[in-house]
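Participant: In order, the protein sequences belong to chains A and B. In terms of our numbering, the first sequence opens at residue 1 and continues consecutively. In terms of our numbering, the second sequence opens at residue 1 and continues consecutively.
Derived from the structure by calculation, the hints contain no laboratory data. Misleading hints may appear alongside valid ones.
[Claimed, not checked] Short derived list, chain B residues pointing at chain A, Cβ under 10 angstroms: (1) Asn53; (2) Asn136; (3) Thr152; (4) Asp204; (5) Pro208; (6) Gly252; (7) Tyr253; (8) Leu275.
Even for Gly, the Cβ is constructed at its ideal location relative to N, Cα and C.
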Amino acid sequence: MTVIGRRRLLAAGGGIALAGALTACGSNTGRGGSGSGPALAQWYHQYGEPGTQQAVKRYAAAYKKAHVTVQWRPGDYDRQTAAALLTDSGPDVFEVNGPLLDQIQSGQVADLTDLVAPVKDDFNQAVLAPKIWQDKIWGIPQAVDTQLLYYRKSLLKDAGVQPPQSVDALVDAAKKLTTGKVKGLFLGNDGGVGVLGGTPLFAAGLSLITEDGKAGFDDPAAARVLAKIRQLYVDKSLLLGAPTDWSDPAAFVQGLTAMQWSGLWALPQIAKALGDDFGVLPFPKDGAGGKPTVPVGAYASAVSGRSKQTAAAKEFAKWLWIDRTDFQQDFALSYGFHIPARISLAKKAERLQQGPAADAVRFATEHGYAEPLLWTSADRNAYQDALSRIIKDGANPETELRAVLRKVDAELQRVKKK
Amino acid sequence: MSARTARLLGPHRRNLWFWVFVGPFAVGLGLFTYVPLLWSVYLSFFNAHNTVNPTEFVGLGNYTAMLGDDAFLGSLGTFLLFTAFIVPATFALSLSLALMVNRLRFAQAFFRSVFFLPTACSYVVASLIWKLSLFNGVRFGLANTVLGWFGTDQTAWLSTTSPPWYWLVIVTVRLWLQAGFYMILFLAGLQRISPQLYEAAAMDGARPGWQVFRHITFPQLRATSVAVLLLLVINAFQAFDEFYNLLSDARGYPPYARPPLVYLYYTALGRDQNLGLGSAGAVILALIIAVATVVQARWFGLGRKED
Numbered sequence: 001m002t003v004i005g006r007r008r009l010l011a012a013g014g015g016i017a018l019a020g021a022l023t024a025c026g027s028n029t030g031r032g033g034s035g036s037g038p039a040l041a042q043w044y045h046q047y048g049e050p051g052t053q054q055a056v057k058r059y060a061a062a063y064k065k066a067h068v069t070v071q072w073r074p075g076d077y078d079r080q081t082a083a084a085l086l087t088d089s090g091p092d093v094f095e096v097n098g099p100l101l102d103q104i105q106s107g108q109v110a111d112l113t114d115l116v117a118p119v120k121d122d123f124n125q126a127v128l129a130p131k132i133w134q135d136k137i138w139g140i141p142q143a144v145d146t147q148l149l150y151y152r153k154s155l156l157k158d159a160g161v162q163p164p165q166s167v168d169a170l171v172d173a174a175k176k177l178t179t180g181k182v183k184g185l186f187l188g189n190d191g192g193v194g195v196l197g198g199t200p201l202f203a204a205g206l207s208l209i210t211e212d213g214k215a216g217f218d219d220p221a222a223a224r225v226l227a228k229i230r231q232l233y234v235d236k237s238l239l240l241g242a243p244t245d246w247s248d249p250a251a252f253v254q255g256l257t258a259m260q261w262s263g264l265w266a267l268p269q270i271a272k273a274l275g276d277d278f279g280v281l282p283f284p285k286d287g288a289g290g291k292p293t294v295p296v297g298a299y300a301s302a303v304s305g306r307s308k309q310t311a312a313a314k315e316f317a318k319w320l321w322i323d324r325t326d327f328q329q330d331f332a333l334s335y336g337f338h339i340p341a342r343i344s345l346a347k348k349a350e351r352l353q354q355g356p357a358a359d360a361v362r363f364a365t366e367h368g369y370a371e372p373l374l375w376t377s378a379d380r381n382a383y384q385d386a387l388s389r390i391i392k393d394g395a396n397p398e399t400e401l402r403a404v405l406r407k408v409d410a411e412l413q414r415v416k417k418k
Numbered sequence: 001m002s003a004r005t006a007r008l009l010g011p012h013r014r015n016l017w018f019w020v021f022v023g024p025f026a027v028g029l030g031l032f033t034y035v036p037l038l039w040s041v042y043l044s045f046f047n048a049h050n051t052v053n054p055t056e057f058v059g060l061g062n063y064t065a066m067l068g069d070d071a072f073l074g075s076l077g078t079f080l081l082f083t084a085f086i087v088p089a090t091f092a093l094s095l096s097l098a099l100m101v102n103r104l105r106f107a108q109a110f111f112r113s114v115f116f117l118p119t120a121c122s123y124v125v126a127s128l129i130w131k132l133s134l135f136n137g138v139r140f141g142l143a144n145t146v147l148g149w150f151g152t153d154q155t156a157w158l159s160t161t162s163p164p165w166y167w168l169v170i171v172t173v174r175l176w177l178q179a180g181f182y183m184i185l186f187l188a189g190l191q192r193i194s195p196q197l198y199e200a201a202a203m204d205g206a207r208p209g210w211q212v213f214r215h216i217t218f219p220q221l222r223a224t225s226v227a228v229l230l231l232l233v234i235n236a237f238q239a240f241d242e243f244y245n246l247l248s249d250a251r252g253y254p255p256y257a258r259p260p261l262v263y264l265y266y267t268a269l270g271r272d273q274n275l276g277l278g279s280a281g282a283v284i285l286a287l288i289i290a291v292a293t294v295v296q297a298r299w300f301g302l303g304r305k306e307d
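For reference, chain A alone in the conformation it holds in the complex:
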């Protein structure tokens, strides 16, 4: 019986085999269809940091009430899950960069309100907010990611530039820091279109979607701040066409740029390469109503609405992402560099208590904004297209934004109809 069970599991793929073999050695030996607990499939996207895969398998193996097999899925994870959720053979528990409003509305994810409710206040509220729709919680935030402006202290000092505290200062600083060999600022190879998203709007005191569900950037300040990003491009202060993109610190570490917008995950690598010669900043404020800002987001653990064992899947999700705080801590900080989604854990983490890391945690707590749930992919596409035309082609920001506003209104109408 056990032998057949193992073989079948081995045939089903390496990842499953490992978890299968591990549990087969434990107390649950009756595998192969008639096991004591239900079989659950859990999906993760591929984390770049070594050790994460082994860790999530270890967590799954430690769960005794069900037989959890972890699938580690490289490639375009969002599309893979989107396709798998259309069928019955998808995951039971999965992490998701969302869940998206359309996924919630079409019943692809289960309601997790009762699991999260007891500890709701302990979560970083900015990242929890987009997981809530009509007062129900649809995903448990796993770990918080954020983005920061890294700057090279020595280069700024040589150029006589202060760390920029406003968008105007950022434009000036980038221009002064640009020499023949080094560019002032790296916002990604597309000139910031992809990574900035709504960040400049929040820095100008606006938002993408307001709390009462309207477009949040119908304001002259929006066009004003985006025109300043265009200025960076016109000044040729932006690094473009680097071999690696904004998410990788290589361009900053190799000295191709004096400042770079990148993720918190890049901090250990930068610290290793540059020692103390760098600092971090939030995206600076713009205008009188502005405030410094950093985007925050979290992959959430969700339960498939089509799972055949919803109850067991929910129980497992609660066990791992609510109860086992030791695993949550390990997941956020032992491999990559993320902020635990639970405030109580983030406060305890030693790695986050000094230097730039402590600054980053403070920015994420004080200035963090997350893309709202009502900001759909169609909105994002329209906005990014407009941003690209504003930054690169010098299109009029006001006309471009008006077209985006029309799209956003139409999308809001669509999703509210349901």
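We have chain A already, so just place chain B on it with the hints.
Facilitator: Positioned in the frame of chain A, the structure of chain B alone reads:
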């Protein structure tokens, strides 16, 4: 065996063997090509967000949305521009390569292989080489290094929209990849032209060079040229790999140089899973391709008996 079974099986059981050999293929074709195709047409009439079993019928709503979408129309424009350039350019380049290689008296096989080799390279690999080493935007990219010798500033080839340098990158990668293949087709065509024709032309006083090419070589290559043109246009319709690999990043795709397939992949079939809208776009695209192919085939007289 009854007479009826015998009739069904046909002489020498040919019918049976016909289905044994053709059956699996026909089933595969039906299951993996025609069913999805018809399903896609079906989906295009529904509001199908995140589902392949939609219930909300919207009639032609998806079609009007798609045809009223500036980005989709823009992508068709991008595609036309790309085709208008890449088809003649590849045609001319591969024909001239073929003419040159054909005239070689020694090392012909060597040059034939050299020019053909890029065909064996994948679009993805070639795009990455173009993007990361030849045309990257920093000072140590090959193109920027060469320009640097003449004191020119570094150019961000794929991020600059005025002038649209990204076209240079997109077009050269495809030229490099496919010119060799069409050169081989042209070479085969050239070698089929009877030497007597050239002798007769020489007797009649045709000057070697342009006159012979214009009146003998090119007309004799008609069948090959038509085939090459058709293949080139179809290939251009399918353009996706190099665009996607050169210009996309984790956060999406820029609004320029975005052919229809890339647009549909991102905007309609992306995270949104707006399968209805995406299917409508795909059907529109399929209709355009069908019409273009029929018109082209008529125009060139494809399938007509050669004179």
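Participant: For each hint, tell me whether it holds in the structure or not.
Facilitator: Here's how the hints hold up against the structure:
A least Cβ separation of about 9 angstroms between Asn53 of chain B and chain A falls short of the 10 angstroms threshold, and the interface hint therefore holds. For Asn136 of chain B, the interface hint holds, the least distance from its beta-carbon to any beta-carbon of chain A being 5 angstroms, beneath 10 angstroms. At its closest, the beta carbon of Thr152 of chain B sits 12 angstroms from a beta carbon of chain A; the interface hint therefore is violated under the 10 angstroms criterion. Interface hint status for Asp204 of chain B: violated, as the beta-carbon distance to the closest one in chain A is roughly 57 angstroms, over 10 angstroms.
A cut of 10 angstroms between beta carbons decides the hint on Pro208 of chain B: the least distance to chain A is about 47 angstroms, and the hint is violated. The closest approach between the C-beta of Gly252 of chain B and any C-beta of chain A is roughly 5 angstroms, which is under the 10 angstroms cut-off, so the hint is satisfied. About 9 angstroms separates the beta-carbon of Tyr253 of chain B from the nearest beta-carbon of chain A, less than 10 angstroms, and the hint is met. Because the smallest distance between the Cβ of Leu275 of chain B and any Cβ of chain A comes to about 9 angstroms, under 10 angstroms, the interface hint for this residue holds.
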